[in-house]
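Enquirer: Those protein sequences? They're chains W and G, same order as listed.
The first sequence runs 1 to 258 under this note's numbering.
The second sequence runs 1 to 258 under this note's numbering.
If you're looking for bench data, these hints aren't it; they were derived computationally from the structure.
Hints may be right or wrong, so weigh each one.
Heads up, simulated DSS-like pairs for lysine-lysine below, C-alpha to C-alpha not over 27 Å straight-line [unchecked claim]:
1) K144/W to K180/W
2) K164/W to K195/G
3) K205/W to K193/W
4) K152/G to K164/G
5) K160/G to K144/G
6) K193/G to K164/W
7) K92/G to K195/W
8) K195/G to K92/W
9) K151/W to K164/W
10) K195/G to K205/G
11) K205/G to K193/G
12) K198/G to K92/W
13) K92/G to K193/W
14) K195/W to K164/G
15) K193/G to K92/W
16) K164/G to K193/W
17) K92/G to K198/W
18) K152/W to K164/W
19) K160/W to K92/W
20) K92/W to K27/W
Computed from a prediction, not measured in an experiment: that's the story for all the values here.
2 protein chains.
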Amino acid sequence: MPNPLILVTNDDGITAPGLRALIRYMKDIGDVIVVAPDSPQSGMGHAITLDSTLYLQEENLDPESGAIAEYSCSGTPADCVKLALQELLGRKPDLCVSGINHGSNSSINVIYSGTMSAAIEAGIEGVPAIGFSLCDYSWDADFKPAEEAVKKIASEALTKGIPKGVVLNVNIPNSLNGLKGVRICRQARANWKEKFDKRTNPMGKDYYWLTGEFELLDNGEDTDEWALAHDYISVVPTQFDLTAHHAIQDLNSWILNE
Amino acid sequence: MPNPLILVTNDDGITAPGLRALIRYMKDIGDVIVVAPDSPQSGMGHAITLDSTLYLQEENLDPESGAIAEYSCSGTPADCVKLALQELLGRKPDLCVSGINHGSNSSINVIYSGTMSAAIEAGIEGVPAIGFSLCDYSWDADFKPAEEAVKKIASEALTKGIPKGVVLNVNIPNSLNGLKGVRICRQARANWKEKFDKRTNPMGKDYYWLTGEFELLDNGEDTDEWALAHDYISVVPTQFDLTAHHAIQDLNSWILNE
Numbered sequence: 001m002p003n004p005l006i007l008v009t010n011d012d013g014i015t016a017p018g019l020r021a022l023i024r025y026m027k028d029i030g031d032v033i034v035v036a037p038d039s040p041q042s043g044m045g046h047a048i049t050l051d052s053t054l055y056l057q058e059e060n061l062d063p064e065s066g067a068i069a070e071y072s073c074s075g076t077p078a079d080c081v082k083l084a085l086q087e088l089l090g091r092k093p094d095l096c097v098s099g100i101n102h103g104s105n106s107s108i109n110v111i112y113s114g115t116m117s118a119a120i121e122a123g124i125e126g127v128p129a130i131g132f133s134l135c136d137y138s139w140d141a142d143f144k145p146a147e148e149a150v151k152k153i154a155s156e157a158l159t160k161g162i163p164k165g166v167v168l169n170v171n172i173p174n175s176l177n178g179l180k181g182v183r184i185c186r187q188a189r190a191n192w193k194e195k196f197d198k199r200t201n202p203m204g205k206d207y208y209w210l211t212g213e214f215e216l217l218d219n220g221e222d223t224d225e226w227a228l229a230h231d232y233i234s235v236v237p238t239q240f241d242l243t244a245h246h247a248i249q250d251l252n253s254w255i256l257n258e
Numbered sequence: 001m002p003n004p005l006i007l008v009t010n011d012d013g014i015t016a017p018g019l020r021a022l023i024r025y026m027k028d029i030g031d032v033i034v035v036a037p038d039s040p041q042s043g044m045g046h047a048i049t050l051d052s053t054l055y056l057q058e059e060n061l062d063p064e065s066g067a068i069a070e071y072s073c074s075g076t077p078a079d080c081v082k083l084a085l086q087e088l089l090g091r092k093p094d095l096c097v098s099g100i101n102h103g104s105n106s107s108i109n110v111i112y113s114g115t116m117s118a119a120i121e122a123g124i125e126g127v128p129a130i131g132f133s134l135c136d137y138s139w140d141a142d143f144k145p146a147e148e149a150v151k152k153i154a155s156e157a158l159t160k161g162i163p164k165g166v167v168l169n170v171n172i173p174n175s176l177n178g179l180k181g182v183r184i185c186r187q188a189r190a191n192w193k194e195k196f197d198k199r200t201n202p203m204g205k206d207y208y209w210l211t212g213e214f215e216l217l218d219n220g221e222d223t224d225e226w227a228l229a230h231d232y233i234s235v236v237p238t239q240f241d242l243t244a245h246h247a248i249q250d251l252n253s254w255i256l257n258e
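Next comes chain W alone, as it looks inside the complex:
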């Protein structure tokens, strides 16, 4: 059996310590090729580059990384996956992993997440895919406690397969107490309460910084937020068929064709 082929990407950029850690962990279970943005792309959602050019550059940042090849790309995380699958890999990879993100992508954050957009793009193209995020925004976060679980989840995905149309959103708590294990969860209901920080620039023009506070609207013990708050790694099966099937009957009572 040849080694599984694993595409590694992220949204924090090719130099991010979380990506470098993920490369190290994945090289123990497969042949790794890296295609990652050349600069940070956080909050990019599922953006793609339609109206400008894309550059792709072979990199040799760390000859010891264990990756077969590494490329940086001038585009978004979704662009990286598209370019990798179409132009670089030669065959469909057995797995695509994205991350490890510096910061949480649990709950509603999945919608804004560049990390998850890369995984979802792979999923759309029929590649089993997982996004990994550590709930610690600092650049020098400690990824080591996550190593075992990250490898286990990736190995199980390779062995058992991920259900069709599903991508895994894995979040790892930043636990001083030690990790308690892994839980399969649903996405907690939540939103961000925006607070715009309004300022005036030196030319006298007003501008805003987007800030906000996370607002959890869900007390369920089967949610990712509950798991993370209780020192568990959360795994949410995430889909890109956004149809709210339960709402179709309701909407059929609307008067639209008279």
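Following the hints, put chain G in place on chain W, whose structure we already have.
Expert: For chain G alone, coordinates are given in the frame of chain W:
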């Protein structure tokens, strides 16, 4: 009863004819405030602006538009909605409409859509929201045939309410035969078969343009693609809880905690 307050936005920018048409249609059913990007944002997915400043500017592009006020914003469609709700409107609007997009957002396109990201952002914040798209990419597309249906759908949303956690994705076919009516649909399974157009720039460096062909993988007669191909307007109830609930049981058989 005061008039309903309607927030109008889009991703093609504040000058787009599709937005100007939507403003005209909405002013007949409510008080309209416009907050739209100052430049085109197609393919932006659910991007938000985290690491740069946001500018907001009052505009007076068309004093006859019927809008109470119009603002352009330097950010993404999701930024526009966040700023509108937090900084401009004073109260929660009764409806947010996004579009009318110049081009389809049916099927898997919903994932990449700036138009739908604005509607989804409003939905996350508890505002009933609809994205409208016309399946015609040209700037001088004819929006007139859509007027009646757009008004009906918006009016029904105001009267009956949209189910919680659901946002409507409305696509309008570009039908020479005339529109046959409106159908409530599910999102068709599909993807894009990428074709990268590889070129060399004058400095000798290779670059790529992202192009592709839409690949429909679904013959269902209950899909948006079927409806559009048969001259119906498609309405897909779309959700931002991405949990694939059906996959949870499957994943619970994975060995992750030993």
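Enquirer: Are the hints correct? Go through all of them and say.
Expert: So, going through the hints one by one against the coordinates:
1. K144/W to K180/W: It holds: about 15 Å lies between the C-alpha atoms, which stays within 27 Å.
2. K164/W to K195/G: 24 Å, holds
3. K205/W to K193/W: Answer holds: K205/W to K193/W is near 25 Å, not above 27 Å.
4. K152/G to K164/G: Roughly 20 Å between the alpha carbons, so the hint for K152/G and K164/G holds.
5. K160/G to K144/G: 25 Å, holds
6. K193/G to K164/W: Holds, because 18 Å separates the two Cα atoms, which is no more than 27 Å.
7. K92/G to K195/W: 15 Å, holds
8. K195/G to K92/W: 15 Å, holds
9. K151/W to K164/W: With a Cα-Cα distance of about 21 Å, the restraint between K151/W and K164/W holds, given a limit of 27 Å.
10. K195/G to K205/G: Satisfied, since the Cα-Cα distance of roughly 19 Å is no more than 27 Å.
11. K205/G to K193/G: 25 Å, holds
12. K198/G to K92/W: 20 Å, holds
13. K92/G to K193/W: Satisfied, since the Cα-Cα distance of roughly 13 Å is no more than 27 Å.
14. K195/W to K164/G: Holds: K195/W and K164/G sit about 24 Å apart, inside 27 Å.
15. K193/G to K92/W: Answer holds: K193/G to K92/W is near 13 Å, not above 27 Å.
16. K164/G to K193/W: Roughly 18 Å separates the two Cα atoms, so the pair holds.
17. K92/G to K198/W: 20 Å, holds
18. K152/W to K164/W: 20 Å, holds
19. K160/W to K92/W: At roughly 17 Å apart (the allowed maximum being 27 Å), K92/W and K160/W satisfy the hint.
20. K92/W to K27/W: 18 Å, holds
Comparing the model with each numbered hint stated earlier shows that all of them hold.
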